[in-house]
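J.: Let's have the full structure, built from the sequences with the hints guiding it.
Each chain, letter by letter, is given below.
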Amino acid sequence: MSALTLKNLDISYGDTKVVHGVNLEVPEGESFAFVGESGSGKSTILRAIAGLAPEWTGEISVLGKPRTHGVDRNVSRQVQMVFQDPYGSLHPRKTIDSALAEPLAIHGIGNRGERVEAVLKQVGLDQRFRFRFPHQLSGGQRQRVAIARALMLEPKVLLLDEPTSALDVSVQAEILNLLKRLRREQNLTFLMVTHNLPVVSFLCDRLAVMRHGRIVEIADVAQLKQGDLKEPYSRELLAATAA
Amino acid sequence: MSAPLLEVENLRVSFPTHSGRVEVVKGLSFTLGRERLGIVGESGSGKSMTGRSILKLIRKPGEVTADKLRFEGIDILDQNEKQMRAIRGARISMVMQDPKFSLNPVMTVGEQIAEALVTHQKLGRKEVQQRILDMLVAVRINDPERVAKLYPHEVSGGMGQRIMIAMMLIPEPELLIADEPTSALDVSVQAQVLDIIDDLVTRKGMGLILISHDLALVSRYCDRILVMNSGQVVEECAAGQLDQAQHPYTRGLLAAMPVIDETRDELPVLDRTQWAGT
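Here the protein sequences line up with chains A and B, keeping their order.
When we follow my numbering, the leftmost residue of the first sequence carries the number 6, and every step to the right adds one.
When we follow my numbering, the leftmost residue of the second sequence carries the number 6, and every step to the right adds one.
No lab work stands behind these hints, which were simulated from the structure alone.
Built from N, CA and C at the ideal position, the CB exists for glycine as well.
Mixed in with the good hints, there may be bad ones.
To be verified - Footprint (simulated), chain B over chain A, 3 or more residues, beta carbon under 8 angstroms: (1) 172-181; (2) 193-206; (3) 232-245.
T.: Right, here's the structure in full:
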């Protein structure tokens with residue numbers, strides 16, 4: 006079964022249409038990347054899947070079930086998102102413990118203490134961080150908390166919006182290793198947005214190159230590694246990275 | 006090499022904390038001619054503080070000391086605020102990281118660039134206007150007349166950064182400090198912006214200090230590189246020889262970056278205890 010299916014997906018913000026006619030199928034367990042410059046609509050697709058950009062037409066299916074336009078609890082159980090900026094995505098006045106327990110409370114899941122403990126262990130954070138506030142953590146630790154929060158509901162799909170671009174290279178390496186391990190352990194499907202092609206090469210199986218709200222090309226990561234992309238724009242992106 | 010533009014010897018920057026003063030730059034020394042110097046390091050390595058202390062932009066309670074901090078024979082530490090204002094912008098200028106936060110949101114682009122110019126030089130209105138348009142063209146903005154009338158929120162990030170570069174270069178400084186000039190920008194735009202900086206710096210024979218966390222980028226655009234870690238220079242090398250770097254920290258940073266034809270299953274992670282205390 007495919008984890009995500011997008012059919013003729015158009016997404017608008019008000020009167021402006023930002024994504025045009027996207028068709029995509031991501032099988033379960035795959036790690037898929039969207040690459041492209043700012044404004045190409047790649048984050049918007051993730052936001053629409055997560056329910057944050059409700060003005061879309063076409064079809065979004067998660068694990069075989071079409072998604073509605075409104076808030077959809079079942080989708081939230083299965084699909085969670087990690088945002089780019091770990092400084093902005095955690096509530097500054099909530100402890101790590103309450104940030105992590107909140108999704109459980111919303112979905113009426115018990116055993117919260119134990120679950121929070123377990124997830125902290127999974128993302129490699131010591132228990133002493135549990136009752137701290139975000140400002141007492143470093144950027145890398147915060148991004149671990151953001152990933153932990155996304156994992157609380159044991160989702161099948163993670164939407165990753167530039168998960169490492171706000172981090173230092175050495176911290177980026179730690180987070181990339183963590184994501185790779187989590188995916189292996191929990192058989193997660195990743196849908197990731199990035200502009201960093203080497204990160205795609207490390208973490209993903211396939212990628213879509215986007216420009217002006219359209220998919221220009223879908224390629225295997227092997228093609229990326231060999232510099233074997235077909236479209237001129239994709240090659241341009243590759244050249245900008247490789248130079 | 007000509008006489009050095011900038012001489013720094015034993016630069017120290019410290020801030021008070023609950024547990025006494027903490028030094029964030031610990032005895033940094035370098036000289037800079039009319040060349041391109043890259044300072045690389047991670048968050049908290051003191052690279053931005055180094056850049057700011059050259060412009061004397063570190064406010065109390067921060068404290069800057071140095072055995073020598075001279076720019077073209079002027080002792081920076083001896084200058085008072087008024088004298089510094091004659092240097093900042095006119096002779097040494099600085100491009101900041103994020104155009105969104107560094108441009109004035111209630112002034113048009115043209116007005117802001119003009120302000121940078123007329124603060125330091127008395128010029129007629131027509132001449133100012135012409136210089137602005139020329140400068141916008143120099144940073145490769147098509148249609149400069151239209152852009153000069155826009156407000157910062159009406160331009161894209163890449164264009165904002167080019168506007169900031171225009172503003173910094175219009176008084177024709179001798180030294181440009183670029184503190185992460187492209188980390189808020191797309192990869193495809195990054196190269197354009199750095200090419201512009203590079204081109205203008207080379208053409209005008211200015212000195213450049215490029216501060217960044219991106220090793221690859223710095224090695225591409227600089228002649229010489231200082232690698233900083235916890236307030237100290239751990240390694241200094243020519244940009245072309247970065248791959249032969251010796252220090253474990255530099256090597257660790259290089260190894261931690263994924264590459265385009267990645268085959269490693271796991272990226273090596275820096276062991277931060279290894280050089281603690283060095």
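J.: Could you run down the list of hints and mark each one as holding or not?
T.: Tested hints:
1. 172-181: holds (count 8)
2. 193-206: Held - the stretch 193-206 of chain A has 6 residues with a Cβ nearer than 8 angstroms to chain B, which meets the minimum of three.
3. 232-245: holds (count 5)
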